[in-house]
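Colleague: These two chains come separately, so use the hints to put the complex back together.
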Amino acid sequence: NAGVTQTPKFQVLKTGQSMTLQCAQDMNHNSMYWYRQDPGMGLRLIYYSASEGTTDKGEVPNGYNVSRLNKREFSLRLESAAPSQTSVYFCASSEIQGALGVGYTFGSGTRLTVV
Amino acid sequence: DAKTTQPNSMESNEEEPVHLPCNHSTISGTDYIHWYRQLPSQGPEYVIHGLTSNVNNRMASLAIAEDRKSSTLILHRATLRDAAVYYCILREKYNNDMRFGAGTRLTVKP
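Note that the protein sequences, when read in sequence, are chains C and P.
According to this note's numbering, the first sequence is numbered sequentially starting from 1.
According to this note's numbering, the second sequence is numbered sequentially starting from 1.
The shape of chain P in the complex, shown without the other chains (with noise of 0.2 Å):
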C-alpha cells in the first residue's frame, strides 16, 4: 500500500468542525481512502472511506482532493468523544494487509 502523511497532533474546542488531513502523493487508481481511530484504550474503530468522491456517514465525511494525492477528514462538531488517534489508510482493491502509521491524536478542549 502507498504511504500516508499526517500531522502527529491536532487540537479543537468542543462543538467546533475538525479537519484531519492526510497527504498521499504516490496513491494509485486502485487505492481506496480508509479512515479509522482508535479511542483511549479500545480497538481502531472504522470511520470512513471512499475512493473518488466525496463521502458522507453519520460519523463524518471524507473530501478527496480532486487528484486524490490528498484527503480531508471532516468531523462537523467536535464532541469529547471524538478524542482519539486517528488513522489514514490507503487500501488497494484487493489487499489484505491494512497497515497502520502513527496516525493524528486529536485532543478536544470543552
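Only chain C is shown next, with the shape it has when bound in the complex (with noise of 0.2 Å):
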C-alpha cells in the first residue's frame, strides 16, 4: 500500500529555473494538499483542492502553481524559484475535506534547495 507518493525525493535548481513537483495518492481520497516546512518550523498550507477540478489557495500561495491532473494527482509548480522556496514540501490527501474525517495522509515529502 503505497499510499501518498512524491517525486522526486531531493532537487537542487539554480534561481529562476522551474519545477513541477508530483504527487500521486492510491486511496481513492477526494482532496489533495500541498505544504511546506522550512528548517525548526511547523507546516505551511500553500494549495489544496477539495475534489477534482477545485484548487483554492492556502497560506503561503505566491510563487507557486497546482494543477489537479485528475482524482489521482496533484502537482504543484515553481515558475521562477527562488532561494525563499528552499524548503521541504509534503504533499497529502485525505477522504474528505475538514474536519469530520479522519487525518491527512503524508507523502514522505521532496527537499528543494534553490541555489
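Just so you know, these hints were derived from the structure itself, not from any lab.
With a straight-line Cα cutoff of 20 Å, these simulated SDA-like cross-link-like pairs (lysine to any residue) come out:
id, chain 1, residue 1, chain 2, residue 2
1, C, 9, P, 39
2, P, 93, P, 25
3, C, 57, P, 100
4, P, 93, C, 59
5, C, 14, C, 84
6, C, 57, P, 92
7, C, 71, C, 20
8, C, 71, C, 3
9, C, 9, P, 40
10, P, 93, C, 95
11, C, 9, C, 37
12, P, 3, C, 41
13, P, 93, C, 51
14, P, 93, C, 105
15, P, 109, P, 79
16, P, 3, C, 60
17, P, 3, C, 59
18, P, 3, C, 40
19, P, 3, P, 100
20, P, 3, C, 37
21, C, 9, P, 45
22, P, 93, C, 56
23, P, 3, C, 44
24, P, 93, P, 26
25, C, 71, C, 51
26, P, 3, C, 58
27, P, 93, C, 55
28, P, 109, P, 77
29, C, 57, P, 94
30, P, 93, C, 58
31, C, 57, P, 101
32, C, 57, P, 95
33, P, 93, C, 50
34, C, 71, C, 24
35, P, 93, P, 46
36, C, 9, P, 41
Distance ranges between label pairs, derived from CB positions:
id, chain 1, residue 1, chain 2, residue 2, range
37, P, 110, C, 57, 42 to 52 Å
38, P, 15, C, 79, 49 to 59 Å
39, P, 16, C, 79, 49 to 59 Å
40, C, 39, P, 65, 31 to 41 Å
No residue lacks a Cβ here, since even glycine has one placed at the ideal position from N, Cα and C.
Modeller: Rendered as C-alpha cells:
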C-alpha cells in the first residue's frame, strides 16, 4: 500500500529555473494538499484541492501554481524558483475535506534547495 | 482556526507514560482537536482526533477537558520510536486550511 507518493525526493535548482513537484495517491481520496516546511518550523499550507477540478489558495501561495490532473494526482509548479523557496515540500490527501473524517495522509516529502 | 499553545519540548523515559498538554482557550464549539506527530525526516502522521469526549485508539488516548479549553495526548508506554514532534491542531468542521504550529518535541530516553 503506497499511500501518497511524491517525486522527486531531492532537487537542487538554480534561481529562476522552473520545476514541477509530482504527487499521487492511491487511496481514492477526494482532497489533496501541498505544504511547505522550513527548518525548525511547522508546516504551512500552500494550495489545496477539495475535490477533482477545484483548487484554492492556502496560507502561502505566492510563487506557486497547482494542477489537479485527476483524482489521483496533484502537482505543484514553481515557475521561477527563488532561494526563499528552499524548503521541504509535503503532499497530503484526505478522504473528505475538513475535520469530520480521519486525518490526512502525508507523503515523505521533497527536499528542494534553490541556489 | 483558533490557536493552540504547546510546550516547546518534553522528555520522557522509555516505557513510562507521557502526557503532552495543549491549551486552546479560544476554541469554538465546532472546532475538532487533531493531533499529528512527525518523526525525523518524515511527513506528519495522524495520531488521533476528538470533539468533546475522550478518545482512544491503538496509538494513543486523547483527554479533553470538560470546558474544551485544553486537551492532553497520552502515550501509555513511550518507546524510542515515539520520539517526534507532536502537533496539536484545531480544525473547523469544513475548513481545509489545517495550520501546524511549532509543536512539542518529545525526547524519549532509554
